[in-house]
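Whenever a hint applies, use it, and build me the whole structure from the sequences.
There are 2 protein chains.
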Amino acid sequence: MKKLPLCLFSLCALSSLGARTINVADHGIVPGKDVTLQVNQLINAVKDEPDVTLFFPQGTYDFHPENALEIYRAVANHDNSLKRMGFPLYGHKDLTIDGDGSLFMFHGHMVPFTLESVDTVTLKDFTIDWSRSFHDELLVVERDDTDQSFIVEIDPKQDPYTIKGGKLYFERYKIAEDGIGSNMVWDPKTLSPIYDTRSYQMNAGKMKVSHAGKNRVKIEKAVKVAPPVGTTLITYGTQTTNRLAPAMHVTNSKDIVIDGVTVLDGGGMGLIVERTENVTLEGMKVQAKEGYFVSTRADATHFIGCKGTIKLENCEFKHMLDDGINVHGAYVKVEEYLGENQFLCEISHFQQWGLTFAEPGDKVAILSRETILPFHETEVTEFEIINEHRFLMTVANVPANLPKGPLSVENLSWYPDLIMRNNRILQNRARSVLVTTKGKVVIENNYFNSQMHGILIEGDNNKWYESGAVEDVVIRNNTFDNVGYAKTERYPLLASPLFRPEQRFGEGHYHRNVRFTGNTIKTFNGLSVKALSVKGLDITNNTLIFDNKYPEADEGPSIVLEYCDDVLIKGNKAKGFSHDIGISQTDDCTSITAKNNKGL
Amino acid sequence: MKKLPLCLFSLCALSSLGARTINVADHGIVPGKDVTLQVNQLINAVKDEPDVTLFFPQGTYDFHPENALEIYRAVANHDNSLKRMGFPLYGHKDLTIDGDGSLFMFHGHMVPFTLESVDTVTLKDFTIDWSRSFHDELLVVERDDTDQSFIVEIDPKQDPYTIKGGKLYFERYKIAEDGIGSNMVWDPKTLSPIYDTRSYQMNAGKMKVSHAGKNRVKIEKAVKVAPPVGTTLITYGTQTTNRLAPAMHVTNSKDIVIDGVTVLDGGGMGLIVERTENVTLEGMKVQAKEGYFVSTRADATHFIGCKGTIKLENCEFKHMLDDGINVHGAYVKVEEYLGENQFLCEISHFQQWGLTFAEPGDKVAILSRETILPFHETEVTEFEIINEHRFLMTVANVPANLPKGPLSVENLSWYPDLIMRNNRILQNRARSVLVTTKGKVVIENNYFNSQMHGILIEGDNNKWYESGAVEDVVIRNNTFDNVGYAKTERYPLLASPLFRPEQRFGEGHYHRNVRFTGNTIKTFNGLSVKALSVKGLDITNNTLIFDNKYPEADEGPSIVLEYCDDVLIKGNKAKGFSHDIGISQTDDCTSITAKNNKGL
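First to last, the protein sequences are chains A and B. Under the UniProt record's numbering, the first residue of the first sequence is numbered 1, with each subsequent residue one higher. Under the UniProt record's numbering, the first residue of the second sequence is numbered 1, with each subsequent residue one higher.
Since no wrong hints were added, every one of them can be taken at face value.
A pair holds if it fits inside one copy or across any two, identical chains being indistinguishable in the list.
Think about it this way: if two alpha-carbon atoms lie no more than 25 angstroms apart in a straight line, the pair counts; the simulated PhoX-like pairs of lysine-lysine are:
no.: 1; residue 1: 333; residue 2: 174
no.: 2; residue 1: 404; residue 2: 33
no.: 3; residue 1: 463; residue 2: 174
no.: 4; residue 1: 254; residue 2: 440
no.: 5; residue 1: 33; residue 2: 333
no.: 6; residue 1: 535; residue 2: 463
no.: 7; residue 1: 167; residue 2: 157
no.: 8; residue 1: 440; residue 2: 535
no.: 9; residue 1: 167; residue 2: 206
no.: 10; residue 1: 189; residue 2: 487
no.: 11; residue 1: 224; residue 2: 164
no.: 12; residue 1: 157; residue 2: 218
no.: 13; residue 1: 167; residue 2: 208
no.: 14; residue 1: 124; residue 2: 289
no.: 15; residue 1: 124; residue 2: 254
no.: 16; residue 1: 535; residue 2: 570
No lab work stands behind these hints, which were simulated from the structure alone. If you're wondering where the values come from, they're calculated on a predicted model, not measured in any experiment.
In structure tokens:
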């Protein structure tokens, strides 16, 4: 490695020249070597120059962590830690990274793209991958039903491993022994999680492992039912160390475009965005690389506390170990009311620690933690972070008598609109779409084929603490292709807050105005929509078609309503089912109209 | 908890009034409750007001981590992490914290005092303790020599524990299961590590543990020789989590006085100081609290890369699980010479990661990593931190031909003088004093009674990477009371760099000008001084007196010289030994004079 040319450090002087494209090759950044230090420095050098394009001529560029900039970062839904960075964009304005179809190959626990407090940044036309995956793929070659043991074949080049004390460990970049925690069986016929994955769940804590010939390992005492021969057991590390490295992390930013970017792996999500206004994803792909079943260790994309518009068009997300997209806010616990309009608050979920919940000027709602229903809206006047868990928040006013029970707060200023058109989310663990936002939501002309629910409109103040009772959602003309093959009551659409036993409905419904219309549902179980605590729900003109991709199952009525109001079920058709496809509703439902439906 | 009085936030307006004492009780800070948030905020409020004393009326003040300010901190010789802080002093000037004899009681992993970039700060007249110790004390009540198992009694209030999977875990503040790593047996007769501690070393990885009656636990398969009945097994956690919380951490500061401060516990050192000019410790104490054998988990005090004068007077450090004081710099590896006077460097020891090695203007030496001898001195012109491990350093000039072998650098500007007078360091694991600095060192009228060497003048570029070949050291009129009861060749004074097999002497000696004179050595083994690669060594007028505190042992000659030059051994007396107390020297020693010695 040679010292960077001095010209780098004089770029600031050029800032008045207007739009400029920099060919990175002119700065010693060329394929075939570790370019991390040079890229870090070039990015830093153009920090104060607006309207720059960094052009990477097509090729494979390597990024190693040894000389990478490192900053301690809290990353929502990931594990907070010192992060080594490939492209650390801090405060940049009008910057484009143009990959020209290049492959950016990362090594070890690096965060390829960090966008912090940037404005108008475009990432385009490149692929992100890692030299060593964050998960491992073990081919099941023998099984023994009687003692529930099985033998897997492991490619020692792809997934170098050791056995120690009866446990299986994997070697990663500069990590000698990475243990097994989460795991899931993948089906080579569907390129998806196997039907009824839970049956084959492996208890990694109890597993006993031994050598069983060349590249073969016997696994005992770990499963109730051994996975079928020919399937692949995916293992993906233990909690607090298996979500260290998302591919892209965006915070406190504005007007971000991700165009033609492909993510092939990830020690976390493909894209995680926090407190950012306007994000456009055009033709973004998440998919497993050649020879692999699985892509990212977590969601393809995830948005928390954003505003403006989140727009996804022509994207394809597949092979993830978690959801396709999740858009939500956060419920934060009021630890103590200190008087004089000041609250001591605590962030509720450990993977939200470090989140910027609010800033002065934001509108917030105070709500009961029991009913999750807001009772007061006000504005933040002072905001002081104490530590990753807690902050002090002063608001303009509080009710004369605060309720006695436990309270939470949510940030009303930071809920985005969501537009999803012509996307495909498939062959992944968990859901296609999770959305809880008070903004306008339009989900149309998409293809969904996920293992759990198709679209989950949830909101909960007890597990993930994802806020955002919806107010205006349109889901139309989408295809749901055999979603829910996790088995048992997974719906194309589930709209329902998640309650704990000690929580209860309050006065009024949680979600509002959901329209599910014109969708095509290919299904082995006939399920379409379950709704709970929704006021204003249209389920109209949808078509359910029986499909035999998975064994036909009767998992209950196609449409299930609990504590809903103002529901129209009209013009839906179901065909090809040999079991009854019906509608059920609880006694507390009001104004339910069902008419002109065929086959249900 | 109530909101802080508004007066707090108007303190800045008073900054022109000159010296001011604030009674913290006027700000709601009173004994008997968690005062962390209020103390954090009061400290922040006086940040820009010089010459303030925060006066804590005598009492016990509690500090819990829940509402404590948190910042990610690299702490030399500790484990870097997010630190929760009791007294976060950042940029303060002319500030005194006066405890009036108070007890500051901390809970959990907190760093009581953080002094970052402060100038003229005095900490006085208080005691630091934790509600739950960071180590555990297990009384040995039965032993069985044949199978090397033993039974310990554990006070479940003092050391709450559980047994799980045959392993013993301790519960700490909000930590359910803290495992065992390091351990050591303590002798109730001497209140010190037991004689020949290594015999009883426990392999915590192999140990099998089971219940053996009320509050009793049987430990098997862990030792070659079970510790004697009546001794106490001290266990102190596993690496990377057992050095999270030093009592006081000072960095990048100037003119620090610690006066009458007592430290009773510590999840790390009592005091760790980095890159600070002038530190005075007056009457500082480190000692185990009532009912305990052990105080801090690591050194009482430790100074890395400091300058000016470090002065310790009338201090007493005892019961630590590591050294009394250590003063040194750092050898840092040159990873690559990038040309144009720029070096890519890597911090060598994992517990120095994040160290500020240098800043522009500092004088540095470039040296061979094989001989540890410097060959070029120059000045830093640019310094850029890349990550906790690596930095870029540009210097004013380099030799025309850089040697081919591996290189290191050391910072010559940041070596302090050290003055130690009338201190007592005793009843601790490891050494009393480690010192490697190019400054002037005077160690006189102290009492030392440590388990390993009394004073170790080492320097190594292969294990701890502690730099600072000495140039002027006077050690006089001290008492060494049976130091070295770890057994086997522990000396009142060992002056020698630590070499790896692939390292070698270069041309010239490593240490220079060490005077060891007028000291009294009470000893069971007759050892006094070992010196290697020292030029200019006086061993004069010392008195060795046989003492039967431990079994008399012949561990070799009293004075051992290897590759030394210009040595005067004169006027020393030894009495009471039944074995020969002699002098040995290797053939490569030059100019050795020994005369007028009695009994050796």
